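Peer 1: Here are the chains, one letter per residue:
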Amino acid sequence: MAIIVDKLNYVYSDAGHQVQALQDISVVIPDGQFLGIIGHTGSGKSTFIQHLNGLLKASSGNIYYNGEDICHKDYDRKQLRSKVGLVFQYPEHQLFEADVFQDVCFGPKNLGLDRKQTELRAFTALRQVGVPEDLFYVSPFELSGGQKRRVAIAGVLAMEPEVLILDEPTAGLDPKGRDDLLDQLAKLHKERNMTIILVSHSMEDVANYAERILVMDKGKILFDQTPKEVFSHVKELEEIGLGAPQVTYVMQELKNKGFSVGTKMTTIEEAKVEILKVLKGR
Amino acid sequence: MLRDITLGQYYQANSRLHRLDPRVKLIATFLYIISLFLFKNITAYVIAALWLLLVIKMSKVPFKFMVKGLKPVMTIMILTVVCNMLFTKGTPLFSVWKITITYEGLKMAFYMIVRFVMLIVGSTIMTLTTTPNQLTDGLESVLKPLKKVKVPVHEVAMMMAIALRFIPILMEETDKIIKAQIARGADFESGNLLKRVKAMLPILIPLFVSAFRRANDLAMAMESRCYRGGDGRTKMKPLIYKIEDKKALVCVALYLFVLVAGGIAGNYLPI
Ligand SMILES: Nc1ncnc2c1ncn2[C@@H]1O[C@H](COP(=O)(O)OP(=O)(O)OP(=O)(O)O)[C@@H](O)[C@H]1O
Ligand SMILES: [Mg+2]
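First to last, the protein sequences are chains H and F.
Here this note's numbering is used: the first residue of the first sequence is 1, the next is one more, and so on.
Here this note's numbering is used: the first residue of the second sequence is 283, the next is one more, and so on.
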């Protein structure tokens, strides 16, 4: 089963002005995929992902989740939202409970789980995102920005969705926090076969973790390929304000300086292997 | 969903009216409203209506935006008209059961509606062609004489400017928080009243927290840029009357003159 998006269009219209935020988007996202979405500011990433759990209604086009049309008026969208978890950009602004633990319980409680189940899930989720236990019972408003972010992500994780969508979850985190979070996502992806959709402005992040990348530009999908293929279009990417991961540029420079290295590497690991190979071969 | 509410509505366009000094627009609107109440005869209303049409034409704002401003006060308008029609005594035109419609009542109701519509459309034009910032600037400048009697004009104007500035931001924020909570399975529609009020908490708390945070941030930002209130403060874009503004004032004066002349003449006409 999968998410199928068919010719999705979306137009924002307020007070006389109309913005076509999405234009004829068609993609199939199979179960268990780690999908990265990149694109310039305002390219429609956030708008797109809000369609996947039914928060925005398509102006035209259809979306199917496990074979069912989620735009249909009889479709149970509440059920959908427990299956497709969405973590918003700056999710820390949604915290409201008296303490961290209670806040994470909000999601599972809304699913109608009993108390034991709810608390178990909240506990697991908080551990998964690496919130230390001594912070469980403090007010969420007393946490630092990064800690709040983790709690908010735990709030969605605790619903144990089948698909987890994150809108720039690493913005504003320190390098270690970022790596921890992304590793955690990779683990969820591997162990629970969770579908993960990661919106990011960091080419490195998507290159390191995603199996497939959607590149969005002005509401359209420009590329829909593996990271290697996508980052071989450096020129086109730069034209729309993106780029390739730093290592790809490094490899390019090495080649220009006369080393006979390949230039298709997108992660540091691959680059290391390639450089060692060339050095040994000399 | 919440974005559809347009408060402090401004319609972006490049017209003579948009470029006018806000003080001129404020004064003109004020005078126009007074002028509507000076006379009670057809000639005066025709003159006022013609003037209004001219101004609408000049503003380059589509007509439907003017009508939008009328919608919220529709009920009050209909109510007053009906009351006037029913309870004004005079020569009866016809009567149904115990209700008598009089000639005077109809006339009164008609004038009432015309006045109301012109009043609202007139002031709507001002808000449609003036940005909230210009409006508060203009207001501050026009009300300056009140400072002599210790009214904190600058502070009030500043508060108004900040409030207006924050409305769209808070709307957007509310929208975002609602969506985020729905994504966490929150349900705002089902259950009894108490349950629904309780369901609002996950929206209200983050909203208040963020409003206070923003207020705090803004106060700090103002402080660190040495904001000290109105005394001795100069403006980046001081309001200066330009030749266009003077012309506009002359036009307003002309309008008033024509209206007064027409109104007095109208008093001697049979209708
Ligand atoms: N609520 C809204 N009302 C009107 N237009 C909107 C709204 N939200 C977004 N837009 C417009 O839709 C387009 C896509 O916005 P979107 O938020 O999806 O971009 P994004 O790719 O997520 O950008 P970023 O990387 O900055 O988060 C933009 O042109 C934006 O101005
Ligand atoms: Mg976004």
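It should be emphasised that the hints constitute simulated quantities derived from the structure, not laboratory data.
Predicted model only: the values in this text are computed from it and were never measured.
Even for Gly, the Cβ is constructed at its ideal location relative to N, Cα and C.
Hints are supplied without guarantee of correctness; some may be wrong.
As the list claims (entries may be wrong) - Pair by pair, the computed Cβ-Cβ distance ranges are:
#1 Tyr393/F - Gln18/H: 52 to 60 Å
#2 Met441/F - Lys83/H: 40 to 48 Å
#3 Ile525/F - Thr41/H: 51 to 59 Å
#4 Ser405/F - Gln18/H: 25 to 33 Å
#5 Leu335/F - Lys83/H: 52 to 60 Å
#6 Val491/F - Leu279/H: 22 to 30 Å
#7 Glu68/H - Met441/F: 46 to 54 Å
#8 Gln117/H - Phe345/F: 57 to 65 Å
#9 Asp134/H - Met504/F: 49 to 57 Å
#10 Gly473/F - Tyr249/H: 36 to 44 Å
#11 Arg115/H - Lys350/F: 45 to 53 Å
#12 Ile525/F - His233/H: 51 to 59 Å
#13 Lys272/H - Met504/F: 24 to 32 Å
Peer 1: So, for every hint listed, does it hold in this structure?
Peer 2: Now for the hints, and whether the structure bears them out:
1. Tyr393/F - Gln18/H: 52 to 60 Å: violated, 40 Å
2. Met441/F - Lys83/H: 40 to 48 Å: Since the Cβ atoms of Met441/F and Lys83/H sit about 47 Å apart, the hinted range of 40 to 48 Å holds.
3. Ile525/F - Thr41/H: 51 to 59 Å: The hint (51 to 59 Å, Cβ to Cβ) is violated, given that Ile525/F and Thr41/H are roughly 42 Å apart.
4. Ser405/F - Gln18/H: 25 to 33 Å: Holds, since Ser405/F and Gln18/H (Cβ atoms, about 28 Å apart) stay within the stated range.
5. Leu335/F - Lys83/H: 52 to 60 Å: Between Leu335/F and Lys83/H, where Cβ atoms are some 58 Å apart, the hint holds.
6. Val491/F - Leu279/H: 22 to 30 Å: violated, 55 Å
7. Glu68/H - Met441/F: 46 to 54 Å: holds, 52 Å
8. Gln117/H - Phe345/F: 57 to 65 Å: Given a distance of about 59 Å, which is inside 57 to 65 Å, the answer is holds.
9. Asp134/H - Met504/F: 49 to 57 Å: Between Asp134/H and Met504/F, where Cβ atoms are some 37 Å apart, the hint is violated.
10. Gly473/F - Tyr249/H: 36 to 44 Å: violated, 56 Å
11. Arg115/H - Lys350/F: 45 to 53 Å: holds, 50 Å
12. Ile525/F - His233/H: 51 to 59 Å: With Cβ atoms ~56 Å apart, the hint holds.
13. Lys272/H - Met504/F: 24 to 32 Å: At roughly 51 Å between Cβ atoms, Met504/F and Lys272/H fall outside 24 to 32 Å, so the hint is violated.
Comparing the model with each earlier hint shows violations of hints 1, 3, 6, 9, 10, 13; every other hint is respected.
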